[in-house]
Structure formats: structure tokens, C-alpha cells
Amino acid sequence: MAVRRQPSKAELRRKQAMAAALYPLDWIEERSGLVGATRYFLFRKVPADSGWWHTLGSASLTAFLVQAVTGVILAMYYKPSPHDAYSSIQNITDDLTLGWLVRGMHKWGASIFIILMFLHMGRVFLFGAYKYPRELNWIVGVMILLLGMLEGFTGYLLPWDQTAYWATVVGINLNGTAPIAGPWLAQFLRGGQEIGANTLTIFYSMHMLLIPGAIIGLITLHLYLVIRLGVSSPPWSKEAADLKRADEPQPLRTGLTQPVVRGGGGPE
Amino acid sequence: MADKPKPIDEKRAQFARYKENVKKTGKPFYPYAMFHDTVMSLAVVSVSGGLATIWKWTSWGPHHAGLPQRLVGPD
Chain A
1342 MAVRRQPSKA ELRRKQAMAA ALYPLDWIEE RSGLVGATRY FLFRKVPADS GWWHTLGSAS
1402 LTAFLVQAVT GVILAMYYKP SPHDAYSSIQ NITDDLTLGW LVRGMHKWGA SIFIILMFLH
1462 MGRVFLFGAY KYPRELNWIV GVMILLLGML EGFTGYLLPW DQTAYWATVV GINLNGTAPI
1522 AGPWLAQFLR GGQEIGANTL TIFYSMHMLL IPGAIIGLIT LHLYLVIRLG VSSPPWSKEA
1582 ADLKRADEPQ PLRTGLTQPV VRGGGGPE
Chain B
7 MADKPKPIDE KRAQFARYKE NVKKTGKPFY PYAMFHDTVM SLAVVSVSGG LATIWKWTSW
67 GPHHAGLPQR LVGPD
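These protein sequences, in sequence, are chains A and B. Following my numbering, the numbering of the first sequence begins with 1342 at its first residue and continues without gaps. Following my numbering, the numbering of the second sequence begins with 7 at its first residue and continues without gaps.
Bear in mind the hints are in silico, worked out from the structure with no lab data behind them. The reader is advised that the hints may include incorrect statements.
Said to hold, decoys possible - Derived lysine-lysine pairs resembling DSSO-like cross-links, with alpha carbons at most 30 Å apart:
(1) A:Lys1472 - B:Lys33
(2) B:Lys62 - A:Lys1472
(3) B:Lys17 - B:Lys30
(4) A:Lys1386 - B:Lys10
(5) B:Lys17 - B:Lys29
(6) A:Lys1579 - B:Lys30
(7) B:Lys62 - A:Lys1420
(8) B:Lys33 - B:Lys62
(9) B:Lys33 - B:Lys10
(10) A:Lys1472 - B:Lys30
(11) B:Lys12 - B:Lys29
(12) A:Lys1579 - B:Lys12
(13) A:Lys1472 - A:Lys1386
(14) B:Lys29 - A:Lys1386
(15) B:Lys10 - A:Lys1472
What the hints assert, rightly or not - Distance windows between CB atoms, simulated:
(16) A:Thr1379 - B:Ile60: 33 to 41 Å
(17) A:Ala1522 - B:Trp63: 41 to 49 Å
(18) A:Glu1535 - B:Ser52: 19 to 27 Å
(19) A:Lys1420 - B:Ser52: 27 to 35 Å
(20) B:Ile60 - A:Glu1371: 32 to 40 Å
(21) B:Pro11 - A:Phe1382: 49 to 57 Å
(22) B:Pro11 - A:Glu1370: 37 to 45 Å
(23) B:Ala19 - A:Arg1346: 52 to 60 Å
(24) A:Asn1514 - B:Lys10: 52 to 60 Å
(25) A:Lys1350 - B:Lys30: 45 to 53 Å
(26) B:Phe41 - A:Lys1420: 41 to 49 Å
(27) A:Ser1373 - B:Tyr36: 14 to 22 Å
(28) A:Ile1369 - B:Ala19: 46 to 54 Å
(29) B:Pro11 - A:Trp1507: 17 to 25 Å
Claimed, not checked - If you want the footprint, here are the derived chain B segments under chain A, 3+ residues with CB under 8 Å:
(30) 19-28
(31) 31-41
(32) 52-62
From the three backbone atoms N, C-alpha and C, an ideal C-beta is built for every residue, glycine too.
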């Protein structure tokens, strides 16, 4: 008869330590299911031939996170009033420890964010990843791009220098020429008849709260849809090619425009 | 006579085949795809920081009798 070995003290201690370490995770999992969700997110299958092209979405997300983090730091020192705005920007750039880095990353990160979104959009278009059933995700992505550009427009005024002022004058005047809603929109953005203190606070509020909040909501929805629907394969992938029905005749292209159908004598 | 399948039915079937294919032949997001994403994210942060550094340290400044223009853009 086999005798069951008693666990040693070291083994018991290891077991207890493991249970103690896992307790917080078990506590969270039991109450929220978040651990299971994270496990699903990390270990879900993606097409075997997904590669660097598929990183443009997460790169855009990283660029947005850089903007969020540097923006929060800048907001701690920026003063949104015509009298103080420019001097507070100078203070951030020249006097604060690494302020130049935070401001520089925010300024250049804005362009990087927009460029990456355009590249991501181009990739999705060329891979045909906007087609069924991902149409809604395409629409959400376009909305994020539009809001990203609006975020850039509202942020441009905040340094309150000559470039910022006149670029905003041009931008608001362009909006004002739109039919029906144009004049109302221009009036709303200016916060009156002239660009001044009200314009700056409206732009600051939109740049800090309204637009980032909307972008965060849309990014959450975008990611949910990516996880739900899966990542699309590149058009040249074997997996994408295998999606055709087995009984469907596969055309062999002998020239640019001459498909030859296997086993067929022409159209019936 | 069987009804002619609608285009949406074919799309649904194709998507179901895609899901089945990925389940069978795909690879887990972690660590494969996540590695690519991490490298790309580090590159994005590095490029932002690099541009900020170039912007800061290539300032010509008004003392050069020129415009206070930086190498990669104005203030």
C-alpha cells in the first residue's frame, strides 16, 4: 500500500505564500470578473500572420496616452487667462524641471497622434478591415480621428501667442462660413463677438474635458469591438484566402484581366 | 426549390469560417502580438521625446540675429 508523504514545512510555507499572494486576485475576480476578462484579452487568438502592420492601432493608443499624461501635467501649471496664459507656458518651458520635455512631448505628440491615426486608417482601408462585420468600428474610428483633429484645433490656441491667435481667427472664420449652423458655431467658439478671455476658457474646457472624455469613451468602444470581432488577416494571408467556400471555383488569373475558371467551360 | 442565399448570409458564413480558422491556426495575443505592440509603443514614446529634445536644444534664439525659430518648428 502506497504511503502518502507528508508535505515538508518548506512546501507548506510555499503553499501558504502562494495562497496569500493570490488572495487579492481571487477577491477581485469573485467580485468583478476582471481577472478572467484580462486573461481572455491576453490569450485570445489573433491571426497567425498578423504583424507590424497591425501595431498602428496600439501605437495610436500609446500616442493618445502620452498626450493624456503630459496634458495632465501641463494643466497643473497652465493658467487659462489672456493675461497669464503665455507667461505660464514660458514658465513651464524655461523654469520647471523637465517642463520643456513635457511640453515638447505634448506638442509633437499631437502631430504623431494624428499621423498614426491616418496610417492606421490607411492600413484598415487597404486590408479591407472596414467590411462586414466591422463597419461600426470603422465609423467609431472616423469619429475618433475627427475628435482628434478638433482636439488639435482647440489646443493650438492655448499658448496664446500670435501664431495661436491668428490660426484660431482663421479656423473660427472658416467655421463661420458654413451654412445655417456656421455663424452660431463661430459665435459659440468665440464666446462673444471677439476672440478673448471667453474664447480661451471655452477652448481650454473643450481641450481638457469635453473632447478627451469623448475620445476615451470612443476608444473604449473601439477596443471592445476589436476584441469582440477579432483582428482581420492581411489580404495576402493564407487564412484570408481559405475563407472562400470549398466548392467555390477559384479563378486562376493568367493576365491582368483574364480569369480562367477551373474545370469550367465558360459561363453557363 | 431552395431559396437563393442572400449576400448577407454568405458574409455571415465567411465570418464564421474566419473565426473558426483563427481559433484553429491563430496564435495567442500574449506574447506574440503584444511584443510587436510594445516595441511600437516604445518607438512612439521615444520619437515624441526625441522631437521634444531636438526642439529644445536646437533653438537659434534671438541672440543669433535671426528669428527665434527652432530647428523643428516655432515656439
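Problem - Numbered hints the structure breaks, given as an ascending list - result: 2, 4, 8, 9, 18, 20, 21, 28, 29
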